[in-house]
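Fit chain B to the known structure of chain A by using the hints.
Residue numbers (my numbering), protein chains in the order written: chain A, 1 to 277; chain B, 1 to 277.
Treat the hints with care, as some may be off.
Same chains, same label: a pair holds when it works inside one copy or across any pair of copies.
Said to hold, decoys possible - When the alpha-carbon atoms are kept at most 20 Å apart in a straight line, the in silico EDC-like pairs for lysine to aspartate or glutamate are as follows:
{"#": "1", "residue 1": "K190", "residue 2": "D95"}
{"#": "2", "residue 1": "K52", "residue 2": "E18"}
{"#": "3", "residue 1": "K164", "residue 2": "D95"}
{"#": "4", "residue 1": "K52", "residue 2": "E34"}
{"#": "5", "residue 1": "K37", "residue 2": "D128"}
{"#": "6", "residue 1": "K225", "residue 2": "D253"}
{"#": "7", "residue 1": "K164", "residue 2": "E184"}
{"#": "8", "residue 1": "K272", "residue 2": "E245"}
{"#": "9", "residue 1": "K52", "residue 2": "E245"}
{"#": "10", "residue 1": "K190", "residue 2": "E94"}
Worth flagging that the hints you see were computed from the coordinates, not collected in a lab.
Given next are the chains, with one letter for each unit.
Number of protein chains: 2
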Amino acid sequence: MKVRRSDRLIDMTRYLLERPHTLISLTFFAERYESAKSSISEDLAIIKRTFKYRGIGILETIPGAAGGAQFIPSISEQEARAFIEDMTNELSQEDRLLPGGYVYLSDLLGRPDVLRQVGRVIAREYVDQQIDAVMTVATKGVPIAQSVSSYLNVPFVIVRRDSKITEGSTVSVNYVSGSSERIEKMELSKRSLPRGSNVLVVDDFMKGGGTVNGMKSMIEEFDSKLVGITVFAEAAFSGRRVIDEYTSLLKVDQVNTIDKTISVSPGNYLDKVFKND
Amino acid sequence: MKVRRSDRLIDMTRYLLERPHTLISLTFFAERYESAKSSISEDLAIIKRTFKYRGIGILETIPGAAGGAQFIPSISEQEARAFIEDMTNELSQEDRLLPGGYVYLSDLLGRPDVLRQVGRVIAREYVDQQIDAVMTVATKGVPIAQSVSSYLNVPFVIVRRDSKITEGSTVSVNYVSGSSERIEKMELSKRSLPRGSNVLVVDDFMKGGGTVNGMKSMIEEFDSKLVGITVFAEAAFSGRRVIDEYTSLLKVDQVNTIDKTISVSPGNYLDKVFKND
Numbered sequence: 001m002k003v004r005r006s007d008r009l010i011d012m013t014r015y016l017l018e019r020p021h022t023l024i025s026l027t028f029f030a031e032r033y034e035s036a037k038s039s040i041s042e043d044l045a046i047i048k049r050t051f052k053y054r055g056i057g058i059l060e061t062i063p064g065a066a067g068g069a070q071f072i073p074s075i076s077e078q079e080a081r082a083f084i085e086d087m088t089n090e091l092s093q094e095d096r097l098l099p100g101g102y103v104y105l106s107d108l109l110g111r112p113d114v115l116r117q118v119g120r121v122i123a124r125e126y127v128d129q130q131i132d133a134v135m136t137v138a139t140k141g142v143p144i145a146q147s148v149s150s151y152l153n154v155p156f157v158i159v160r161r162d163s164k165i166t167e168g169s170t171v172s173v174n175y176v177s178g179s180s181e182r183i184e185k186m187e188l189s190k191r192s193l194p195r196g197s198n199v200l201v202v203d204d205f206m207k208g209g210g211t212v213n214g215m216k217s218m219i220e221e222f223d224s225k226l227v228g229i230t231v232f233a234e235a236a237f238s239g240r241r242v243i244d245e246y247t248s249l250l251k252v253d254q255v256n257t258i259d260k261t262i263s264v265s266p267g268n269y270l271d272k273v274f275k276n277d
Numbered sequence: 001m002k003v004r005r006s007d008r009l010i011d012m013t014r015y016l017l018e019r020p021h022t023l024i025s026l027t028f029f030a031e032r033y034e035s036a037k038s039s040i041s042e043d044l045a046i047i048k049r050t051f052k053y054r055g056i057g058i059l060e061t062i063p064g065a066a067g068g069a070q071f072i073p074s075i076s077e078q079e080a081r082a083f084i085e086d087m088t089n090e091l092s093q094e095d096r097l098l099p100g101g102y103v104y105l106s107d108l109l110g111r112p113d114v115l116r117q118v119g120r121v122i123a124r125e126y127v128d129q130q131i132d133a134v135m136t137v138a139t140k141g142v143p144i145a146q147s148v149s150s151y152l153n154v155p156f157v158i159v160r161r162d163s164k165i166t167e168g169s170t171v172s173v174n175y176v177s178g179s180s181e182r183i184e185k186m187e188l189s190k191r192s193l194p195r196g197s198n199v200l201v202v203d204d205f206m207k208g209g210g211t212v213n214g215m216k217s218m219i220e221e222f223d224s225k226l227v228g229i230t231v232f233a234e235a236a237f238s239g240r241r242v243i244d245e246y247t248s249l250l251k252v253d254q255v256n257t258i259d260k261t262i263s264v265s266p267g268n269y270l271d272k273v274f275k276n277d
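Bound-form chain A, shown alone (with noise of 0.2 Å):
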């Protein structure tokens, strides 16, 4: 059966979206809905002006019969802009203030709305590069590893402290945790990151930077090279940091546990990212 064009542009869309990073040929939608070529390609003209003018993303078309489309998801300045604020008023609430100056932030990092937004974050900083894998550390790291990868397309691994029976056989690295001063282990699994990847790596929270900087030990361990490094918050951080180049969407600026109040302003990603446009 022929497929209108209306059903058309709500199926490819839906495909499309659902495909991030991933090229699909005229000769498959046009197979799919058994419709001209020429059609098709009218119809990813639509969508592409489409998810332009929304900031939805790029929809990079090829020309011509053996072309196609591949959908690059992005979010506008305006957007993250928003939606960074959003999260300094949430953070800044003082009944996350937990004992020791840290910043409860589950329930954020459980909620697919922000989990989204994340994800598109973070994925925009890194459209121009290419990124075989996201690496984060267990447990709260996670959701956010995941989102980003849902928007680049790309596996994620876990970096474990307590590796278990079922990740088989692991890499470990010695770190020291940045804020106690302590030697910690972490632990990957051997099978979970080929040689010779591309890695980004995500985390929830950064005060002295010893985890991440054991990630990129590992990294290395798997002769792999770190792409770029990105946080949701950052706290300041009084002693020197054993990471330097890295993003924060938000950085935790003051935690006064007496009087209860939490300072907390955007990151340094905004300007990273927005800055050239």
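Here is chain B on its own, set in the frame of chain A:
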């Protein structure tokens, strides 16, 4: 600027897909596109038809000027069956065999395409039930919980065997690990689950059911209600399971560590969910 139908269909499709189980009013769409409500109603009817025909899900439309639409993600029996068969083949690969008869799953549970389908499949089972939160235990259940939570559009909560300072006050329960008969402890942040929640429990793997039983006790501690239990894979278990009512996508029937063979078959999901369709 009045928006053309084709542009509306594309943007509405995206907008609805990103906000499952959320009623979007006709008024909202009419203002967004500066179009008449009657045109929006026609658009929604087209989207509804395509979503149904392609097995994407159900678009529930509420007629009248005060009406709107909400997207209920679903999956066809055919697509669910194909996915489960795919996973059966994946899991049967002998190189997944780990010492102790465990099966390596981490690669699958780090792949965005697999997680998308796991989420759709599990969400389909509970489409007619009220669910307020998805619960799992760290670490490997997290990706499953997150994906299900995104299709049900409710938050997920992570029970931990080792609570961290960043969780704040926790409630802890003891449980008997079904396979080893050891007494273990799990904890959940006090503020992560409101009293009286309807909770869906998901996990990656179930042997004796001890961990899942622990989560059941946890739900009681929060004066909440267990709605259902669904696991990605269950293992054949010779003892008496502490949990008898659950759904599994896959069943690991036999693991032979000497011959290095794994025998995997579909779990009870397809029978339970599509029996009455």
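Hint by hint, here is what the structure shows:
no., hint, result
1, K190 x D95, "between (41 Å within a copy, 13 Å between copies)"
2, K52 x E18, "both (17 Å within a copy, 17 Å between copies)"
3, K164 x D95, "between (35 Å within a copy, 17 Å between copies)"
4, K52 x E34, "between (27 Å within a copy, 19 Å between copies)"
5, K37 x D128, "neither (29 Å within a copy, 40 Å between copies)"
6, K225 x D253, "neither (31 Å within a copy, 40 Å between copies)"
7, K164 x E184, "both (17 Å within a copy, 15 Å between copies)"
8, K272 x E245, "within (11 Å within a copy, 51 Å between copies)"
9, K52 x E245, "neither (31 Å within a copy, 48 Å between copies)"
10, K190 x E94, "between (42 Å within a copy, 17 Å between copies)"
Consistency note: the structure conflicts with the earlier hints numbered 5, 6, 9.
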